[in-house]
Amino acid sequence: LNAAGLDPTTEASIRELIASGDHRAALERAKTAHKSCGTAASETLLVDAYAERIRSLLQRNLTVEANSLIDLVRQRYPSARRRLDGLIAPVAERRTSLNDVVRPLNDPDLAVERRAGIEQTIKQEIDDLAALARCDALACDHPLRTAAAALEAAFVAVSSGPVAKEALALPEISHRSALAPWKSLVRAIGSFYSGDEEACRRHLAAIDAESAPARLVPAVQTMLGDSVATLTSAAAVLQDQIIRPSTFTSALRTLDQAFAAGKRGPILKAIRAAVQECKGSSPLQLEALKQRISVRCAMLELDVPKVAAAMRGSSLHDATFLRLLARGFEETRDPEHVILACKVWEDFRRAAVQEGWFAGNGPESAALGLRIANLAGELPTHILDELRSMAMARQSTSGEMFPDPDELYCRACVLDPHREAFAQWMEWASRSHSSGVERAASVWHQARPRDTEPLLRLLQAAEARAALPTALGFLAKLEQIDPELAAIRGTRFRLLAGALLRHIKDKKTALAESDLVAIGALADAQQGDRPAFGLAARVLLAAVRDRPDEAANARVELEQLLGPTATALLFFAVATTSKQRALARLPPPSRQLEREGHCVPEAVARVSVLSGELKLKFELPWSWIREAADQFPRACHRLEVDALSALGDLALASHHDPFAYAISAAGLERGGTSEARFLLLRGRSVANDLTRFVVCAKAATELARHVHDIGLVEQSVELIRELSEFETVSVTLAQARDVLAREKAAREPPSRNGRSPDYRDLVVLCQCANCRRARGEIGDPFDDNLDTDDDDLEDLDLPAELPPDMPLEVAALLMEEVKKAVRRGESFEQFKARMFEGMLPRKRRKRRLRA
Amino acid sequence: MTANDVDPFEILGISLDASDDEIRAAYLARVRECPPDRSPDQFEKIRNAYEKLRDPRARIRHRLFSVDPVAPFSTVFAETSAPRRFVGPGPWLNVLKAK
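In the order they appear, the protein sequences are chains A and B. Per the working numbering, the very first residue in the first sequence carries number 1; after that it's consecutive. Per the working numbering, the very first residue in the second sequence carries number 1001; after that it's consecutive.
For reference, chain B alone in the conformation it holds in the complex (with noise of 0.2 angstroms):
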């Protein structure tokens, strides 16, 4: 997995122990939220990544072999070390008048 893929996993919103069922499950969950004529490219997103996770043997291989050991530091470890500041409305409305 690269450091611009997104985790099948995570896309599923389900856990790396997911069973058969449990995957195909949280596959049409998310299609009926993002359904191919309202979020296509979301849609994409999902099918891709049931369609890594479907074969079990494929789940295993990317279970095992996906982590990116070259990945960015700062892209690894910037969930937590880069906290999210609450501005106020300002500069979130700055931006929708700067047309």
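Okay, chain A solo, but in the shape it has when bound (with noise of 0.2 angstroms):
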């Protein structure tokens, strides 16, 4: 709308000109003010004046001029159709008959406009066309007698009995003409009545929505099966006189109530009654019934002779019946009908085979193949083992074997092999954490050797066993096929340095000399921290051969490039990873601190993006994490975000959750495009709270979704995939902008007397007691306070204090221990059996006991 807005002048002197009748020349000024204004008021004042015009033009009976423009109006502003419709009341009541309105039409020099308006008249109301066929008005041969005459006869024709097609060609109903929506009429009856519901439905779209003909639409859909629009009355008697439900139908519907209720007596009588009906009054499609009945029956595990008897005799059991089975069977999601399935499945196989379908090797087989290979392996691992052990048992005597999925994939991916296959393979044998991937991966290489993906899982699956020269090899296919995959950047560097670490360990050191010169020439070996890691490794190895000048030498380098401490880290990861510990003694963080300040958090980051890279053993003594953490408020605005990611990770995987929510919260304070991970991290910290923890999930899912973080979308549904009791929970992309907000709120750890977020809004979970104890919410004597007296901690007879000298950490594990054995029903002495019995060399326990 234009925001200029309606000159109250000009206004004001339209409604001058309406209220002196004047209405011709109000409505020009109406419309050239709407035209420069746009504005509601104007088009109120336009649709006044067109009133006020409509009305001038009724009181002089011009009730053809005053139609049109009603309709005109009507359509140009659909919000003024309301009040119109006060005005098409006198129309109607003023409207005469039907040569009143065709009577112009005889005017040659008739102005077009005019000639339109009573051609749309024509179109919306003749719902007559005897009587326009019949119209004195117009003379015998004029074109709109004539087409109404033929169109007359056609409809009589059409609604009577059987008629050509070719009858129904009408040529002398041009498609502008005002009678067009009636010749799709005739031919949408012809084509119903002759079958052709295709050509029923485009002639029916063909009707202009506007038309008179168009009120028969509804009915005619419904009767074609395609709408269940509530129909008029007479609509309903046309319906019901046309497809009057034979006996048979009745049958059918009564067949069809009695399985929507599902009970066994009504089900067998409404099958005696069909198949009874069937025989009678269609034989042909006796069989087709008899197996559909057999199929919902069989669904529905009724007694199967007590259902043939029903049907006089059983169905025939073809490729036809054996499909229908497959698929009803599917349907159920029962797991005992899908194995049942994966069964009917390959006898419909055999079956079509036989019968000439398709052929045993083609891809209907390979289609096949995978549909019961995706159908086994939704199966949960539990059934698959117990099915593939009772299939063991009883191959020595029948020779049958279990559908095993890697089996049917396989199968089906040499059939065919393609890519979506392989993938469903390879996506299965990872779900089922089944040994299976690399051989999956080894098959699809070999069907397909320039597909990636196998490639990366072979790759993968070689390093994971330091396999390191064939990972090599798979790395060289890779980097032939694409040298600018994503996915395979920086692999060489890490596998060699993986290598290397494997040699120093097995004292091979000339190989590992060679393999440190081999890192030093790659081309991507200068970049981030790789240097550190040379020399790191190079004092290892000096170290190992003994030679301590080499080794300072080196070292002294390395600590010119990053601090004495994370020097000392890296040394630390670089030699536990090749099982030297004992040439890298860690010296306690005070100790460092007092040389170098408050660095810890940094060379510990530093250090854990690099162990990250190179999958380097990085597992920190407790009290360098300690350390880190009380440091972290200090440093944590000097850490990047990578480092703040890893140095979360490592938090985490020390089990210390306040120092991963500081570090979420630091995280989170960077925003832009991490904010996902540091909200994941964040729920990751606060498991213990399982809603909270599953909401951050979900919030980070959806938000890495967003930035096309694909790993990360991955990482976090992978979380909280064995959360069932969250399943039905999902956040959107605006509510997961909320708890995004409610958690950078949220600096602070959740303490007792604290207050977190509350996701009840979100989260809407069974609040029963065993649901609510299975969610970790209630059931814990010591969730509200450690020190009370409460009645199992008496029960249990703990010690009134804990050694003055027991470490913090030991003293936490060991009270988790004793939430477990309180959850458990455990005695003291079952818990100091559980404890201590079997960990200790017999000596030392008793030692310890009786201390």
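Because the hints were derived from the structure by calculation, they are not lab data.
Between beta-carbon pairs, the in silico distance windows are:
1. A:S174 x B:D1055: 34 to 44 angstroms
2. A:E355 x B:K1097: 50 to 60 angstroms
3. B:D1055 x A:Q241: 42 to 52 angstroms
4. A:L72 x B:E1022: 40 to 50 angstroms
5. A:E386 x B:E1022: 46 to 56 angstroms
6. A:P108 x B:E1051: 47 to 57 angstroms
7. B:P1040 x A:L72: 20 to 30 angstroms
8. B:N1094 x A:N106: 25 to 35 angstroms
9. B:D1055 x A:E355: 20 to 30 angstroms
10. A:L72 x B:E1010: 34 to 44 angstroms
11. B:S1015 x A:P108: 51 to 61 angstroms
12. A:K279 x B:D1055: 38 to 48 angstroms
Even for Gly, the Cβ is constructed at its ideal location relative to N, Cα and C.
Please assemble the complex out of the two chains, which come individually in their own frames, going by the hints.
Pasting the structure below:
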């Protein structure tokens, strides 16, 4: 709308013209005003002017013109329709005969606009073709009369009996004619009766929705089964007269109702009646009906002999039946039926090949194999294992094999080796934690050597089992296929680093030396802290070779690069990974701090990032974690996002939840695309509060999806996959942003008296005691007050206070175990036995117990 | 395929063993009959049907797995069991006149 608005003077002048009866001039000026303003007020003024003009036309008995104008205004200004309805009644009352409407068409000089108005009226109002065909106001050979006569004849013909398609050509009616909708209607009715339902739908779609014939469209659509709209009483009568249900149809409806109710007695009775009727009225469909009945009964597990008796004989078990049965078993989702579906699909395959539906080794067989594999793959692992062992027991006698998903996928992929099938196999293998991932990848790679997915999997598997030459071989293939592949960036450096540390571990110093040379020659060897790794490895190699001077020199160089703290940490990580920890004693952090001041979090983060990249073992002693946590508030602003993230992972791995919480707060403060990552960290740092954990994870998933961080999406989905009680919780993007804001505001970790974000508006969970206990919300006597004289605690006969020299972390671990003991209902003796027996050498255990 | 779905082969007016070329030709012919500007709903159905059938593997899957085992009996066997009776123009005109 134009912001300029309607000039009050202009409006006043137009209203004056209306009041004075000069409606034509008022309308013209109102049109001009609305054209220039385009506001709601100018539209109201224009509609007012139209309304007065229509009234004046009606007063002069110019009904057709008034009618046309009403249609025009209703079409252009839909908001004014209701107001114009008030004007339609008088029009209808004043509407004179059909002759009055069409008479002006005799005038050869009739204005184009007026002719269009009359034709529009004809299109919308004419519901009696015979009257138009006999209309005296037009000459006998007037095209409108001849068209109406032809249509009338065709309409009577198609509604009274079969008509040839050619008889409905009706060339005298063009698609621009006012009677074109009638032509479409007649053709639609013809197609309806001839059974050409698609043509019928096409003709119905061609009928102008504003035309009179359009009133029949819903009735025809309902009879076609395309619509369930409520029909007018006349339309309902028409439907009943045309499609009067036969006794067979009535029997089928009763059968449908019986199956919907699911009661055995009425089902069997309805089967008897339907089969009886089918024999009489549609015997060719009898077998198909019996097959469908058999399948529905099998789905409901009804007694087979009784069903066969009701049908007066079993149904034919051919490929058609087996396919329907397999689909039926699939539909129920019952694991037992899914197992049956697997078997029946295989039976179908054999029957279909035998009946000539398709070849035994073609794409159809591959599609079936994939279907069966997917079905078997959906079964819970314990059921699969049970079935496998049962099949193995039977195999010696019957030779029957259990349809193992691995074998089924393999068979399908070999028959039709396409990426989608292999990806499904791989996905199943990964999901079921089967050792088959490598096999799937291997078969995939053999069939499609240019696909990168299997090579990546094979590389990962080889690296995981430290088969580094093999891994390097796969990497070389990947580099050849796509040198820019993001997934292999930095892989060669990591693999060579792994080989180097392994050679140091095995004291193969010459090989380690050549590894170092190879690493140094890599193009990306100087990226980030990678040179530091090379130096740390050189220090270690020199130490292993017992060359102290060489080690000292390399260490000085390393300290110049990283500083003493990070050097100590990196050397510790490198030595631990190559099982040379004796050569890398990590001094307590306090001694380091005296020399260096507050840099522990930075050093830890830096080494964590490098360790993550090179898959080094970086298991920091608790004292270092605690020191990093203590110093974190003063150092966090100096850390990059990646360093924060690596530190967060380390805090979680060390079970230092408050530290992880503080890191998440610092990360969330940074904003940007990494927010999702730190929101997930926040959730993981409060994992004891399941609701908050799940909400944070789901919100992180949504935010990560929004920024296309697929890795994070997969990680967060995996974290909550097992929490079935939260399956129904869903978080929209807007809600995720709200969660983010709430978590940003909650800077302090949860405490007994502090307030955590409340997500009851997002999570509606069952509040029964069992479900709350399962979520850890009740039933834990230690949650509220650790120092109370709780009955359970008294029963356990715990010492009054902890030994003064017991480290806090040991006390915390002990407390966790005590909680588990309470939940399990263990006695103190049982608890002691579980905790200490079998863990210590006998002699030491005795001494310890005495102490 | 559920009871409410219309068979894509039927929409395109082709046989179950139609080739890629036949499917494409049938699709183009149907789009010419029902262009998106004149019959948007019909065009949508035609487009969806073509999407379901253009990939040979999807076509095979449709052919093999699209049967609906729980379709109502009265729908599956309706076409031949309920003949359409000719009733003359009167009942049709009554619907038109009852606004």
